[in-house]
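Protein chains: 2
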Amino acid sequence: MKSIKVNLGRRSYYIVIGSGAIRCLSGLLRRYLLGYDNAYVVTNAYLYKKYGSLLINTFKAAGIGIKVRLVPDDEKAKSLAVAGSLLGDIAVFSKSRRVFIVAFGGGVIGDLAGFVAAVFRRGIPYIQIPTTLLAQVDSSIGGKTAVDLRQGKNLVGAFYQPRLVVSDTDFLKSLSLRERRSALAEIIKYGLIKDRSLFVYLERSLRAVLGLKSKALAFIVRRASKIKAQIVSADEREEKGLRTSLNFGHTIGHAIEAAGGFTRYNHGEAIALGMLVSSEISLRLKLITPLVFARIERLIGKAGLPVKIKGLKLNDIIRAHYHDKKFVGAKNRFVLLEGIGRFRVQENVPEELILRAVRQRM
Amino acid sequence: MKSIKVNLGRRSYYIVIGSGAIRCLSGLLRRYLLGYDNAYVVTNAYLYKKYGSLLINTFKAAGIGIKVRLVPDDEKAKSLAVAGSLLGDIAVFSKSRRVFIVAFGGGVIGDLAGFVAAVFRRGIPYIQIPTTLLAQVDSSIGGKTAVDLRQGKNLVGAFYQPRLVVSDTDFLKSLSLRERRSALAEIIKYGLIKDRSLFVYLERSLRAVLGLKSKALAFIVRRASKIKAQIVSADEREEKGLRTSLNFGHTIGHAIEAAGGFTRYNHGEAIALGMLVSSEISLRLKLITPLVFARIERLIGKAGLPVKIKGLKLNDIIRAHYHDKKFVGAKNRFVLLEGIGRFRVQENVPEELILRAVRQRM
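Residue numbers (our numbering), protein chains in the order written: chain A, 1 to 362; chain B, 1001 to 1362.
It cannot be assumed that every hint is accurate.
Stated by the list, open to error - Pairs of lysine-lysine residues, derived as DSSO-like cross-links and limited to a Cα-Cα distance of at most 27 Å, are as follows:
no. : chain 1 : residue 1 : chain 2 : residue 2
1   : A       : Lys-5     : B       : Lys-1240
2   : A       : Lys-95    : B       : Lys-1331
3   : A       : Lys-331   : B       : Lys-1067
Honestly, the hints are just simulated from the structure, not real lab data.
Given the sequences, and given the hints that come with them, work out the whole structure.
Printed below as a string of structure tokens:
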């Protein structure tokens, strides 16, 4: 089993990746959560039905007591109300026990359970066992936890690192094609901002990845996790601008997601479109060549991700873009490309240019 | 105006103390919150009636926009529901503004507003303007923020440091005698664990303190703040055991507070009784002399704080004590005295001894 370290001094932790990684859990818990003898597992009914007995047996074998809490299988679970209900539950469960939290699921469950762990008694340990490709390569790493408010997504949260991430690629085999494709958007992103060879690998081996070949899955999860771990290690709380690179495609991507009411395009599809817009801006600013742009557009298309924005109005996207203020102090801030594997952060991109780049996709 | 630094690297901040300190706010904001131009002020109706126009004028003079949010004037304000309501409010208020939060009030408001600042967008700046003696010498310093659950007090929170604490001792002049006395318990605590000369000062100048003489107030707030700042600087997150000393009198104190349903004794009164129990244990373990014990009991009595537990059952106190687990891994943990100004942490104090020491106070 391969492992990758997230270097954060006393808050460092490992990401253990591979087919069957969950079978190492017992040893890992003894090593990284010594003395914590009860697990409060947050998951959903679908996953519990599928993997419940595996989980129970795994924790039992490790001598760990377990309490399972099911939450809704969608963004609705990321509310203060659900968080409050979990917190009350944990208050009772932890009365005479040393409890840690287990986030067993995708990004929604990771964000919610991580937030609950961050604030219960000002922080108790938690581990991430991501079951989706998107969670394995992105949200489970880096300690960004959050719940939503009626007023907007992820408005309430904390930076709070897990003690351990276990990415068992076998969990990925039951993902739908749309989920796999959506996750690929983030993996393509890592290639574009930081890892040319990952991008080239995807160009060559897309079929194996989408076909869920074990080796291919383990390879891309490892590469993507490594990049995310490096960036988080260098800029834990997004204070140094390094973590900004992870927003490549996200500025416009979020706007597209929001303009579609979070239903028309899922996160990965919106990010794919956002990356194309940012690449278009990079091209028009002559930061990349038409050939590089063509390769990006081709890979995104081959991955089965959208290359055209359909059914949305330009105005709605632009309005949502100005609502999603990731750029305090400047008019806007874009992560642009200087080539495959190289990014730059650019503030105050001319509005005319943004408009044209978005319109190009419609 | 005197100021004390809390040394926490990039999270360092100043506590500005003295009569009329609030008049320095404008300059302080320019210095420590540059670029934040809107204040979301959390306070209660009583304080707003008394100091609302002062606040509004002060922020106006500093060129800062202001939105005031009133919360209930008691522990009820420290709920997830109230926090959620504030968070929604701030989400709207901060849409096109750079907002910081102002906790204007006592410990309840500080804990609530600090928690909201900690989790809104994973942390926005906040300042503390404590208006009670207890908040000035204790809760406003150190970044312990929290709200309550039905299952227990302070179960949900974060360590999150303010950018600035402004302790204007003029606010203390409207405190009731009971509030002043209650706060004295924590100040006596600082003397007992860390500052013999503060204890001696209180023995000599108690009348000036209770009589709200400006010089005496400024002196004790400064001394107590300095001790709290030192301890927090050395052990921000209670990981090194140093901050444990601040729990002197609190283990049994909390149990007395809880056994009385949080109404019979207020926090300071319960802590006074808890300090006497811990001093009694210290005496019986021959860590302090009968003379030292007598001085402690005399000062607490002279301060108008209770020296006997009335109307509570021994069993209720003991049960509440075991419910309030600040001591994972050991049977119990007490901060004991080795003299005035010197403490030690002792685990596994014999139960018989605890029982006797509590019974001695009944």
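Hint by hint, here is what the structure shows:
1. A/Lys-5 to B/Lys-1240: 25 Å, holds
2. A/Lys-95 to B/Lys-1331: Holds, because 14 Å separates the two Cα atoms, which is no more than 27 Å.
3. A/Lys-331 to B/Lys-1067: This hinted pair holds, its Cα atoms lying about 25 Å apart.
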